[in-house]
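Protein chains: 6
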Amino acid sequence: MSRDPSLIVEVLAEALPYIRRFSGAVIVVKLGGNAMVDPELLDTFADDVVLLRSVGIQPVVVHGGGPQIGDLMRRLGKESEFLDGLRVTDAETLEIARMVLVGKVNREIVAAINTRDPLAVGLSGEDAGLIEAGALQPALGYVGDVKTVRPQIVHQLLAEDLIPVVSTIGADVTGQAYNINADAVAGALAGALAAEKVVYLTDVPGVLRDVGDPSSLMTQIEADEARQLIADGVISGGMIPKIGACLDALDRGARSAHLLDGRIAHVLLLELFTDAGIGTMVVSRDGVS
Amino acid sequence: MSRDPSLIVEVLAEALPYIRRFSGAVIVVKLGGNAMVDPELLDTFADDVVLLRSVGIQPVVVHGGGPQIGDLMRRLGKESEFLDGLRVTDAETLEIARMVLVGKVNREIVAAINTRDPLAVGLSGEDAGLIEAGALQPALGYVGDVKTVRPQIVHQLLAEDLIPVVSTIGADVTGQAYNINADAVAGALAGALAAEKVVYLTDVPGVLRDVGDPSSLMTQIEADEARQLIADGVISGGMIPKIGACLDALDRGARSAHLLDGRIAHVLLLELFTDAGIGTMVVSRDGVS
Amino acid sequence: MSRDPSLIVEVLAEALPYIRRFSGAVIVVKLGGNAMVDPELLDTFADDVVLLRSVGIQPVVVHGGGPQIGDLMRRLGKESEFLDGLRVTDAETLEIARMVLVGKVNREIVAAINTRDPLAVGLSGEDAGLIEAGALQPALGYVGDVKTVRPQIVHQLLAEDLIPVVSTIGADVTGQAYNINADAVAGALAGALAAEKVVYLTDVPGVLRDVGDPSSLMTQIEADEARQLIADGVISGGMIPKIGACLDALDRGARSAHLLDGRIAHVLLLELFTDAGIGTMVVSRDGVS
Amino acid sequence: MSRDPSLIVEVLAEALPYIRRFSGAVIVVKLGGNAMVDPELLDTFADDVVLLRSVGIQPVVVHGGGPQIGDLMRRLGKESEFLDGLRVTDAETLEIARMVLVGKVNREIVAAINTRDPLAVGLSGEDAGLIEAGALQPALGYVGDVKTVRPQIVHQLLAEDLIPVVSTIGADVTGQAYNINADAVAGALAGALAAEKVVYLTDVPGVLRDVGDPSSLMTQIEADEARQLIADGVISGGMIPKIGACLDALDRGARSAHLLDGRIAHVLLLELFTDAGIGTMVVSRDGVS
Amino acid sequence: MSRDPSLIVEVLAEALPYIRRFSGAVIVVKLGGNAMVDPELLDTFADDVVLLRSVGIQPVVVHGGGPQIGDLMRRLGKESEFLDGLRVTDAETLEIARMVLVGKVNREIVAAINTRDPLAVGLSGEDAGLIEAGALQPALGYVGDVKTVRPQIVHQLLAEDLIPVVSTIGADVTGQAYNINADAVAGALAGALAAEKVVYLTDVPGVLRDVGDPSSLMTQIEADEARQLIADGVISGGMIPKIGACLDALDRGARSAHLLDGRIAHVLLLELFTDAGIGTMVVSRDGVS
Amino acid sequence: MSRDPSLIVEVLAEALPYIRRFSGAVIVVKLGGNAMVDPELLDTFADDVVLLRSVGIQPVVVHGGGPQIGDLMRRLGKESEFLDGLRVTDAETLEIARMVLVGKVNREIVAAINTRDPLAVGLSGEDAGLIEAGALQPALGYVGDVKTVRPQIVHQLLAEDLIPVVSTIGADVTGQAYNINADAVAGALAGALAAEKVVYLTDVPGVLRDVGDPSSLMTQIEADEARQLIADGVISGGMIPKIGACLDALDRGARSAHLLDGRIAHVLLLELFTDAGIGTMVVSRDGVS
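Residue numbers (the numbering used here), protein chains in the order written: chain A, 2 to 290; chain B, 2 to 290; chain C, 2 to 290; chain D, 2 to 290; chain E, 2 to 290; chain F, 2 to 290.
Chain A extracted, bound-state conformation (with noise of 0.2 Å):
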């Protein structure tokens, strides 16, 4: 390679004491469900998550699935009904979700971890009594929200150097099962963890003031500016419950909370060990990560 050696000595030298500082960090990672149609992404990805694990990070990943969720009860020919944005879930609209993100959607995850390194483990929130979970509203059936979070598998497989890969399936105490957003999930076991980090791989370059012009891009948000924002309209639609996660990590006990383009690749790499800020970060208060 032609590489400038001052320039490799330039990224190590600001990189290593990341590293430094990041070794034996919990950082819990959610990747949407769109990232995983284009597999050159989940190549890079697992890239990242077998790198951050091989320099003594402890990366966690949560997954969500909805589009692969739609192409089963599609081929089952089973509708989907709809209510305020959320998927009604009857009994067998459970099942077909529970098969297609445990059986599915995790199981390419950790496949494509494991031909890196075999170190991903396949977790549901029924593992080890992970999730303890509720009914978000009757309307929905079995559209769970998280009640409780057991951390202690997360803490043991982590503890053996392994990489847990969730999905968000919970379970009540009379062992009903129940769908939960993954956006969710994945701040409330990063709170668990009480995770250095809690990063969320989405398809925007992170909160933009206007969400017309990319130049916008706010770079750190406070939690009460992120809640006016959001009273003032500038933070909406799909952006809320990802925002809303966020917070809901950090009240819960995580340092901060990451909004970063999952499209770019490496993305990981390039939030946790440049001085360069991507994407937009959350924290507590001004300043705090």
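Keep in mind that the hints are not guaranteed to be accurate.
Pairs involving identical chains hold if they fit within one copy or between any two copies, as the list cannot separate such chains.
[What the hints assert, rightly or not] Taking lysine to any residue and the SDA-like style, the derived pairs with C-alpha atoms no more than 20 Å apart in a straight line are:
(1) K148 <-> L87
(2) K79 <-> G67
(3) K148 <-> G176
(4) K148 <-> D39
(5) K79 <-> Q69
(6) K148 <-> G135
If you are wondering where the hints come from, they were derived from the structure by calculation, not from laboratory data.
Assemble the complex: chain A is given as a structure, and chains B, C, D, E and F must be docked to it using the hints.
What follows is chains B, C, D, E and F alone, placed relative to chain A:
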């Protein structure tokens, strides 16, 4: 309860030494897909597994799911093709099998256990490189056999007092998944774990010298004798792969292998904690268990 | 054995949760000198103690030996003098009592256990400063009461999976030995060990409301109630010091105290591992065990 | 104190390397029944044992008690019968011997140590299977010899910084007890513990070449030489079993054996912590200690 | 050796409890530059330090080197300038002082110890940030005082059974080195280590009430009394900074401070292991050591 | 920073696997006395050492100091005499060399590192018996070679996450010190530590096939080849002892040896964390590093 105290004492005095002897022992239990049909049997099975764990035994559950895979194939309008009794498995069939095993059957076992005590954790052979697989024979497509078992992840979960529930999907080094016969996986895993016992819960009383005569049950067979009985045609049909898996487990390091009638409620307790012989025990050499 | 399998399962399913619950628990058992008279009862007692130890329970045996002391006194032509039912103990009587308790009764219990499994270790309250004693009342000579318990040596033996068998001789700081009532020692030791239970094996069925009517057995008494029953004269005679020792054990930190009929074979197993109530349980407050 | 500082320094500079060398070393000390007669000697003995323990040496005390057994026999009107100098021991004699050794002599040594520091714990060879014994010769009844030593219980007490005081009663597998010669037990125990030294406190200055001439003391004897001196009749009488026990200890793994004059106050300190030779040392080969 | 055994026993019986008491204790010993002049004294000092270490005491040596610094100054033709008795230290003087202390005096002490047992490790206050220093007063240049002690490196070496030998160069946060008075460093280090004792080896017998009268030695002074004696002029001259360092050590957490006459051979052994008082002990309050 | 993100990712993706691979590895770095002349190079060297340590690598620094010794000799008016290029070392020269190496050069390296992070600890080969030396040849006086390395003290400091900086003074068993060639010490130490790498920072680009032609750099040499090149005269002059030390390190157990151009800033980072070959690597056999 108006039970005779002397009988209670008799049962306890008989059971306690076994409880002591098996404390800390690994017991691999293969649960057939048929066993899932009767929810009551799944319940007593879950009871037993939790009770074993509670007195320090380390149960590991391996399950199949042939009938459930057939169901989803039919619902999706995909025809099953069989060769020598094995399902020819193309990429689509494999994806269906994986969704059913990992996303449905495994989940149901985990749920049954976790409503009693949240100790079960679902695993697939792909997790942390547990089962490295290869093609069994080209004509069968993605039907695999076990190349290597890396039992660390199972040991780690056991060390945390958890109960691993294993779906029998393996992967080769390129990440390609395979569906593997559950009897074979149970045997290979028991060997790799140097299990005290591998137990096959079936729907027959054990090995009968005369298939039509239940009183001809063989309570103990030495490995060489078992091979001879196969050669002589006394052991035949679906019993052959089960006995083959037993012999394989013994060869790889398990101490004994058992064929039990899974239709008897709490058959695991009876086998482990009483002097009475149940089903058929296969041992390496005469009398050695 | 031609026992009904469903009955076996019932007994086991009832016992296993208790085995789990009491695993690691310290159980102090007071064995009266009368219990030594019937060698068969000593045998079933030794059986039970070894079985308890085998499933992780930590039994500690405390014994008396009044009748045996009387025997040697008589053989040596030394007259026993009693005051308020307690033997006046001069230096010679003390030496005789110590020889009998430490050198004979203790040895017989240790021998009975060690022929089953060599786990028993005899201790006197003088060993490693276990029991610091003082004079109970001047007129009684070297009859002592418990000033301080230093339970370390017992904890250490328990940590090595051994079974301490304790003779009730204590010493004061000058090294002067005292003979102490065994019921009192059992209670004080159970308190100092924060025992799960202290069990008194007696020759009565428990506390009877009407001494002449076995059906008037009180299966559970709250501490305050017990004090009232003594005040009311319902509890009287030799039962008073036993109940007093129970109350003392509870005050010092034991969780429950039991008066059991030591003439019932294997009464320890029945008490610990079945739902059925045996004898009388004394607890700090109603329902708390 | 008006001692010469240079002398103090000389003593200390000589002693400290021995203190370092023997730190952690096991020293088995055999205390004869005669030593118990002079309470002042028992006191200086207890001083020494506590001082040794205080600088990290691990003393183990083994004691006899012939005279004391004889006393109780006489008081009980039981005649002692001897055969080749050994007491013929029927069941009653055994019970008397056990009471005296375990319940009286052992207690007096424990008490002497524990008034200084409560570190002593009495043991009998029956405890935790320490000494498995068998009949020495049928005509002697329950006089035993050592079949097997299971030194774990002694190691465990030493690991807790305690001082085991061992009575020489052993038991066979049926639980039958035997009275064993204390010199033999000390040797066998020293061997099983791989002791640094076994020390016999006697009432003679050591081995004399000419019994009538104290100046003929042999300060060191090689094992083979000792055997020759016995054959030649130079070593004779009561010295034979002591030297025999020394040789036995060396054969079983002790590093050196010593015969010291127990009538010299603090003879243990002088032997261990000065360059001056005291008594007779027996070693495996010339110069190897 | 023809020493009186009873005297030996007396010395040992007196010394052993001290050996026990000080086992594991940290003893900081300040060795003056003058002590290096007599090689025989350095030898007996090294003997003592190794003997102390051998019985579990943890000695830490702090040394000065004024005369040796003066020597090299002279050889290099560099004039020493003094202000209030302290050497004015420019950059060149500092470099010379550092070379002499770290590269010569420290080496000679390390060598003397390591020819006995290779346990000594030279340290400078700069190593691992042990002593953070600042300027004492501008006019003195690089003469420092102790700002912070980070005793971890000393604890770590002690935990490895090594003997730290400390040169009194410190550094500030910019890396600028300073030469610090050794008495002050010994006191501050003893405080930071919560040492059992800090011992100053000087060339006087201790604190004399009347400097001209050796019989006026004060064997023990309470801290407040010492302050008064300074105020009253009884303690004066070079004794003031030594007593000041003693008081500083006590304030920072050391248990006692001692001024001993380093010209007495093996004075450390005499002080630590005999009842006889040597030199002057300074304690926080009357009688508390 | 306006750097190209894809370039950053490229550098990081290349570096992270090396960071993982070398995590926990011991890297011995020899720093020549010449390197101390340029303070900027010492600064970038200190940067690199701290960065390596921060990502889990265990650097050990070995330094020389010929020019600095010469300086002080001159200032003291002491003439240097050379024999075969080695300084004849009498007692005075040795004392000067020791002061300069231990008290000046070592201190400057320690200071440079500790202003970044207080992790450096200076060591001399005399400390804790690290380097046992002997005379190289009588005519050279106290010029030594390495007889034995006792690397425990280095392992202990590394285990505490500290950075040992080693001066190359050794001592024989009598305590006599010797000055040893730093290249030789680095090699022997790397061998004794079973180091992953020993790195010589020199003032040449590496081994050139044609000394006049920088493009003739040999990037990798097998040990046998190196011996041949010396025999053939291709490797000559000052390069011979360096290559000899490399071969010695490999023989004693180091995995690879490197000659790097110490004049390139951050050459350690470039060598360790990029695919690009820098300088010359010497390995035991072709391709084995």
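Which of the listed hints are broken here? 4
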